[in-house]
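Chains as they are written, first to last, in our numbering: chain A, 596 to 925; chain B, 7 to 301; chain C, 441 to 775; chain D, 53 to 541; chain E, 204 to 534.
Any given hint could turn out to be false.
With a Cα cut of at most 27 Å, we get these calculated BS3-like pairs of lysine-lysine [unchecked claim]:
(1) D:Lys97 - D:Lys293
(2) C:Lys600 - D:Lys176
(3) E:Lys239 - E:Lys287
(4) C:Lys685 - A:Lys663
(5) E:Lys239 - C:Lys772
(6) C:Lys600 - C:Lys772
(7) A:Lys747 - C:Lys695
(8) C:Lys600 - D:Lys520
(9) C:Lys600 - D:Lys295
(10) C:Lys772 - A:Lys747
(11) A:Lys747 - E:Lys239
(12) D:Lys523 - C:Lys600
Note that these hints are calculated values from the structure, not bench results.
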Amino acid sequence: MTDASRTPLLEVRGLTTIFPTRAGPARVVDDVSFHVDEGECLGVVGESGSGKSITFLSVLGLVRPPGKVSAERMMFAGQDLLALGERARRAIRGRDIAITMQDALTALNPALTVATQITEVMLAHDRAGSMDEARAAAVEMMRLVGIPAAAKRLDDYPHQFSGGMRQRIMIATALACRPRLLIADEPTTALDVTIQAQVLELIAELRRELRMSVVLITHDLGVVVEQADRIMVMYAGQVVEEGAAREVIEDAAHPYTAGLLASMPSLDTLDRPIHPIRGQAPMPGPMPPLCRFLDRCERTTEACRKSVPLQPIGGGRASRCVWAEEVAHG
Amino acid sequence: MSGAVAMNAGVQSPLALGWLRLKQNPMAIGAAMVTLLIVAAAVLAPIIAPQDPNEADLFRRLQPPVWLGGEWAFPLGCDALGRDILSRLIYGARISILVGALVVLIASVVGILAGLAAGYLGGWVDRVITGLVDILLGFPYLIFAIGLMAMMGAGFQNIVLALVYKEWVVPCRIVRGETLAAREQEYVEAARALGASRGHVMLREILPNILSPVIVVATVRMAHVIILEASLSFLGLGVQPPTASWGSMVSEGREFLLDAWWVSTFPGIAILVLVMAINVFSQGLRDAFDPRMQE
Amino acid sequence: MRLGKFVERFIGLIPVLFGVSVIVFLMITLTPGDPVEIMLGDARSSPEQEAALRRDMGLDRPIHERFFLFIANALRGEFGLSFFHRRPVIDVIGERLPATIELTLVALVVALAIAIPLGVIAAVKRNSWLDRVATVGSLFGVSMPGFWFGILLILLFSVKLGWFPVSGRIGFSAEVRSVTGLLLIDTLIAGRLDSFWQALRHISLPALTLALPMAAVLMRVTRSSMIEVLRADYVLFAEAKGLAKARVIGLHALKNALIPTVTVAALETGSLLGGNMIVETVFGWPGLGRLVVEAIFSRNYPLVQAAVLLYAVTYVLLNFLADLIYTWLNPKVRL
Amino acid sequence: AAGELRVGFSQDAQTLDPANHRNRETETIIRNLCDGILTRDPAMKVVPDLAESIRQIDATTWEIKVRDGLKSHSGAPFTAADIKFNLDRLTKENAMGGQTSPRKSLLGPVTGSELVDARTVRVKLSAPWAILPAMLPFQEMVSEAHAKKVGDAALATSVDCVGPYKLVEWRRGDAVIIARDPGYYGGAAAIPPVGPAKPDRVIFKIIPENASRVAALLAGEVDIINELPPSAIKQVEASDKAKVMAVNGTRTFFLALNMAKKPFDDPRVRKALNHAVDRKLIIDRILAGKATALNGVMSPDAFAFNDKLPEYAYDPALAKTLLAEAGHPNGIELTIDTTGAFKSTAEAIAALLARSNIKAKVQVWEGAVLSPMWATAEKRAERDAYFTSWGNGALDPSDIMVPTLRTKGRGNFAGFSNAKVDALLDAAETETDQTKRAEMYKEAQAIVNAEAPWVFLWLPQDLYGVSKRLKGWQPSADSRINLHDASVD
Amino acid sequence: MAEMKPLLAVRAVTKHFTIRTSPVEWLMRVSPASLKAVAGVSFDVARGETLGLIGESGCGKSTLGRTVLNLHRADGGSVSFDGKEISAMPEAEFRPYRRRMQIIFQDPYASLNPRRSVAEIVGLPLRLHEGASARQAEEKAAEFLPRVGLSPEHLRRYPHQFSGGQRQRIGIARALILNPDFVVCDEPVSALDVSIQAQILELLMHFRQRYGLTFLFISHDLAVVGRIADRIAVMYLGEIVEIGPTAAILESPAHPYTRALLAVAPRLKRRAGTERVALKGDLPSPLDPPKGCRFHTRCPLAKPICATLAPTVTDLGTGHSVACHLHGGAS
Ligand SMILES: Nc1ncnc2c1ncn2[C@@H]1O[C@H](COP(=O)(O)OP(=O)(O)OP(=O)(O)O)[C@@H](O)[C@H]1O
Ligand SMILES: Nc1ncnc2c1ncn2[C@@H]1O[C@H](COP(=O)(O)OP(=O)(O)OP(=O)(O)O)[C@@H](O)[C@H]1O
Ligand SMILES: [Mg+2]
Ligand SMILES: [Mg+2]
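All chains should be modelled from the sequences, with the hints used to inform the complete structure.
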């Protein structure tokens, strides 16, 4: 756990990303604020479409038109990302902030060798003086992520590797410049359980070894709880709950988080009946100024029929629920 | 479930959605209107054509269009036999459009059936059909058509046949590919699990899903076929005189390009406009019904 | 493995070629018309003389015999004598082939050189005015009947402006030793820049006429596949690595986007080879297409048969070449 | 290059072996490379070329005296032996590497030749044949030594003979490039000037497309074009670079009527058709006036032309009356068969027929289909009329009337069969007295005119587009392009 | 479970896929490569019971499920349903069984024909098996929809207008509208979000209870299977390595592979002492499975014998059996 008084590595405030849709502009990321401390692992949880990936693509400046990104504040290691030009932001991407994409099968270019894809990052950011140097570093990186016979497989193409291996190669690519922040977007979703464990293990190990900060995006609370220091729960483009990982799991302060926990079949709680959250998340599009969890929530009252802000509830935690206290202790 | 309320309201089939999207594309609508206009002109030819398209009068030979000193009765001038170019254009549209439409229609039906059978049934059916397709693809199109025309003789029916014999390969290949992909889809397996017959699976489950690329390609091919017919006519293998076809009009007129440019230029422009309109429309169709589809 | 696939392609070629032979043979023997009549022209001739001519042409044998003879000879690479040229078909075709190959290749290069950059720019700057211009231009390209367009080009550039010659392959002051048969290359080999320039001027208009519709199609294909590829995760990932825009588009995206372009280019080149007789006629280009059409009209059976077989082989080889290019573009696309 | 002459030509040569083709354009090209035994002067009179003289010894023997001191392109001497070699090659079965020359039939009853001495050769015939001299200009002679050296097959592309130009290069489909042979003896003594050809080089540039050929002329790329379409006359004349030259052709156009079929078996119907076509109008409008109206088969330039034939004047009223007399008061219907090239002319004829109550439809066929279809009475049983033409390069009735009008002739599409005409034609064939021959042919023409197996049409002029820079060139009626004296400045 | 005649009896079923040979290979008489997706699997499913089938991607779960339904024809062994051998029946004879045996698919997007309305999709079984007219089928479908949590007003809509969870409900309605006896659920919740997953699981359990359905429930998620299954079969590379009552499998797993699966499963509360031990390596290629025990290449407890000899099945009592050299002797 990190010292709260230190300035965070990444600090984002009021991040909003809007996509035009048929129904009108959709605030896919709506006024999201968060921070990641040096060396910390932030877990981001939420169901599909809740805006997890877009949030971090927005931070990297990778949202494509017609998507529009705005923020009140976006600081990375003392630099104001909002003030930087395209070139300067590109220089940060891959070098200081790296991302691994949701699906390794599609994120590696099928037409280029693994060597090309790893070395090009280093060459682009002057982390290697020559191709030979870059290749040597790439072999090193591949070894680090646990690819056997790395030197021999350098000139293979992605399809010649298994799913787990590809995930590792993507991680190796992301880590090639030893970034200070790794955004791991659902690194395990596409993988088999046995491989999932290997990859999670790998990220934890690398984090220790390279002393970097990690944002771990996932929809599986079980994954997060073992890795993350803090958890941020997203729902329909908003952060609904935030806090230290253990505390959130044990004492959810938002009905959505609580619902997620209750509906999760877990080997530990086989005897407990599951309680699904009814209904489903709203489709992206313009939303009325109401609590977005309104029609799925079991506690709905008149008080919920307004837009609810994310409120600190003490202990470094926050919840976007009128009934936060009651939920947490009820 | 309240969630569905948030979803696209209204009851819309993918087809209806496509129409909706198409209607919002002004280019495509414009192109459709142009095409319809030409079709209407063709259909109404006897009513709107100012002259008898076949009435020759050598005294009017190569008479220029009205703005170059011709007369209003023959607004676009006259051809080498003194026939009214405008009227011949209007009647000629019938040939271009009918050939285009018939060839593509017949070829699509044949191609779809063959493609479905090859893709879904596989085995020797597939081998025979793909073999035939490969063989036909080995023939250059125009040479094949010319050969067939030589074999069967000139005439409208034979043009259509000569083009169909090779054209069906195009939808067939597409349908086969799409069928192979659709066959692996779980909804096909679901229908099988429910005990649906092969015919049902092919015609009722797979066909509706592969129809939109076929339709898109059909329009593109129609444009193509119109040019092919014009090329055959250009080479003198077109319809029988005195019937006018745009291609044969260009062909006959090219001799006079230097001093009576209007004889072959107007039919040339007519082909260009019709083919372009069809192409624009098909692009609109593609965007509306099958955004991921590539040519 | 590669070699195996190679061999396999060639074995797969056999039934196709056999099928093509059967069809072309049937087509041509079922076609009414008599080459002997055409040969004799306006003259008296005795029935004996006609019979002799028929015998010389091998037309007196029954159909099945002619077919097996044709197949047997074709297997040995013999296609008999061209009725009208009275020389081996192979020679007659061989003389015309280089012109057609040269025209096709140049047209292909021109088409690709227009289509790929335009397609990429149109995709990257989607919905910009550049995209619209390119799209409208490509529509013109595919909608323009080639025979008409060619004549217009001649009228404008040759007759009115006098920039390009009307017809032929090269001027006649230049005598170039034939090495490859492709004049653009032969003139360079001979070190004759003036002749090269002449040849280039001669080929410009026909190549352009041929290339434009193809460029239009290829541009559209490139554009749409590029748009698709630009959406791919790996392009986003490449951007996330902080690579230069040029590298992301020119390498990561383009290399994948070219696959459909290559497919269509192979198909189109096949049809160019066979379909350029109209351009060859208009521009007096001494190629094979024109020869074949004339041969069909004059019922010159041996020539038509051999030429169509040649087209079929070329077509299959082109597609094979396209396959090879795929594996380079994207090794995942297996041969 | 100085003295280079370019001809925009509509077709490539099929071969350069003069004995191994049946193609007019091929011959035109070869004729500039190789001389024949005889040739024709601009007035179409047959004159000696390689020969010094020719005379008939008896009914079936002709003797040719060959010029002295002839040298082929390669410098080899050319003697009577070479002539014999060529005549035998042309007329003996299987004489060309196992094949028979396709030109054999052009030499009718010639069976071979015998050498008398180094300058004399005798032509042997199986039957008397008056038109031998008219037919000999069609055959060009090659060098025997060369032919034996390279072999029959190679003669297709390699040329050595006596002629004004020698072959430089044949770019198949593109051009035939020939250069002056300085050692040339000078050509027919009767056609001055005599001497080597003027241009250093001549290029036959192959441009099959009419519009392109005209464009090439107007762009100054070529100096002469053949087959100038009448429609381009105005254009060419308007240009300051080029002009039109015309010469009476040798091709007779006609509409053959299927006499075996009703109602064309009735001479009144056939005459009605003749009166229903306004030849003058079509010639004037479509052929730009460049044709001669005919009332019979023969060209006015040809031997034994009968200039006294009655004219079938354009007279729709008379046509209708004739039809009514024949039992068709409401007119008749017919289909005109023709090929693509003649489509619009045929349509014009059809349009004119309509004014005389004759509903004519044009049906276009491929040449390869059409002529066999009209070849025999059975095959044409259902056909009505055939719009076609027949060439008469020899300008002798024997060359056109026998195939087209004698019973069972190869070109007798009308199925015309008249015992008297047959007898006249047969007799004229062997008659050696040219005056008597002429009388016979004239009588035959009169019968044909009266019987009207065809709708007689016209004899178009051959049109050439010629650069104004060109000097010393005249088109000639046999479609040859003789470039012996031509030059450009 | 009560000892009675099983509804479904699978005996030594094998399913091979032949990888198509090229013409050259055919000429050279190379025998086509064969992929043993299912290699001799036997199990029973009693009426009313749910058998969970778990294993890694590509181990043959779906193939097994489809073979049981005759969607793939078994290459060896037999499948009996309700006492009748069905695996060799011609399709025509088997057709009546189709209404009694159904399947629910994993992919809610691919398993519904995008061009058919809900009425047509859900009504199709009625039309095929009851000869219902379009009207009748639609009426019946309208009656049935509320049972899967959809409303009749959804009938005229098309799949693209539904969320993943709703689509899965449509798929369930289609499978269950004819009231089948036996349903193969091929990962019906794997593609869904956690909150929706629970809804669907609940729905399935509700149906099972209400209609006494028998399930073959395929999943790769132990937690899900543990929740719904009475018994669990663990599959590895085409073979069943362990099978037994749910509690036994979860509490006392016998096969090292089962243990590894349990160990790596994400948990909210990690029990003391169950340190995550990741298995090494990937699933070997089914084209060329390891000799001996198929798991030995990744097994932390492998002995020399495992590499050479395939283990036989050992009965551990109470319906729990395992195929592993660690238990019982090898034959
Ligand atoms: N280019 C776009 N145009 C319009 N909407 C978009 C676009 N990209 C994403 N969205 C919408 O933004 C929302 C958030 O997407 P995002 O990918 O961030 O979700 P996520 O939380 O990462 O979900 P998952 O778990 O499925 O990855 C989704 O509703 C999605 O439909
Ligand atoms: N039609 C087929 N042809 C060839 N091989 C196949 C076919 N279907 C499946 N396979 C192969 O059989 C093996 C088992 O596949 P199967 O789909 O049954 O696995 P699974 O356990 O269901 O995996 P998943 O969890 O990914 O669905 C795999 O290696 C697969 O590639
Ligand atoms: Mg995401
Ligand atoms: Mg599966």
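Going down the list of hints, with the structure as the test:
1. Using a Cα cut-off of 27 Å, the hinted pair lysine 97 of chain D and lysine 293 of chain D is violated, with the two alpha carbons roughly 32 Å apart.
2. Using a Cα cut-off of 27 Å, the hinted pair lysine 600 of chain C and lysine 176 of chain D is violated, with the two alpha carbons roughly 58 Å apart.
3. The hinted pair formed by lysine 239 of chain E and lysine 287 of chain E meets the criterion: a straight-line CA distance of about 26 Å does not exceed 27 Å.
4. Pair hint lysine 685 of chain C plus lysine 663 of chain A holds up; C-alpha atoms about 20 Å apart against a cutoff of 27 Å.
5. For a cut-off of 27 Å, the pair hint linking lysine 239 of chain E to lysine 772 of chain C stands: about 24 Å separates their Cα positions.
6. At most 27 Å may separate the alpha-carbon atoms for a hinted pair to count; lysine 600 of chain C and lysine 772 of chain C exceed this at roughly 52 Å.
7. Using a Cα cut-off of 27 Å, the hinted pair lysine 747 of chain A and lysine 695 of chain C holds, with the two alpha carbons roughly 24 Å apart.
8. With a C-alpha separation of about 19 Å, the suggested pairing of lysine 600 of chain C with lysine 520 of chain D holds against the 27 Å cut-off.
9. Of the pairs offered as hints, the one joining lysine 600 of chain C and lysine 295 of chain D holds, with about 18 Å between alpha carbons and a cut-off of 27 Å not exceeded.
10. Between lysine 772 of chain C and lysine 747 of chain A the alpha-carbon distance is near 19 Å, which keeps this suggested pair within the 27 Å criterion.
11. Between lysine 747 of chain A and lysine 239 of chain E the CA atoms are separated by roughly 30 Å; this puts the pair beyond 27 Å, and the hint is violated.
12. Taking the CA atoms of lysine 523 of chain D and lysine 600 of chain C, the gap is near 26 Å; set against the 27 Å cutoff, the hint holds.
In summary, the structure is inconsistent with hints 1, 2, 6, 11 from the numbered list given earlier, while agreeing with the others.
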